[in-house]
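Engineer: Construct the complete structure from the given sequences, taking the supplied hints into account.
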Amino acid sequence: MRWMRQYATMVDDQFLDSIEQWRVMTPVRYENEFHLPQGHATSFAGGPLAALRNKNPELTRYETPVNGLYITGAATFPGAGVWGASGRNAAMVVLQSR
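In this note's numbering, the protein residues as written are 54 to 151.
These are calculated hints, taken from the structure and not from any lab test.
Fair warning: there could be bad hints in the mix.
Here are the simulated distance ranges between beta carbons [to be verified]: (1) R76 / V119: 37 to 45 Å; (2) R151 / D70: 36 to 44 Å; (3) A138 / T62: 17 to 25 Å; (4) Q74 / N120: 40 to 48 Å.
Computed from a prediction, not measured in an experiment: that's the story for all the values here.
Even glycine gets a Cβ: it sits at the ideal position worked out from N, Cα and C.
Structural biologist: Now the structure itself:
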């Protein structure tokens, strides 16, 4: 809960009140629930706040210098700890570019 309080100071005053349910994911839980060896989720180093702060611009805009080529995956924002989010974000960029 401590990291959520810290994150709440960076977003919205109502952030904590909006959370209905949450759980802590430890390496053991990642290994048991998602079959990740020793709980390692590729590209999610530094914990959940690291994925949200100091985002690399190259990995958050999903576009590349090649026209029509977009990137997504575990190394793109928000990282491997949030399955599907980078794909959804990349799809939104593709749709907005048309």
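Engineer: Enumerate the violated hints, using their earlier numbering and listing them in ascending order.
Structural biologist: none
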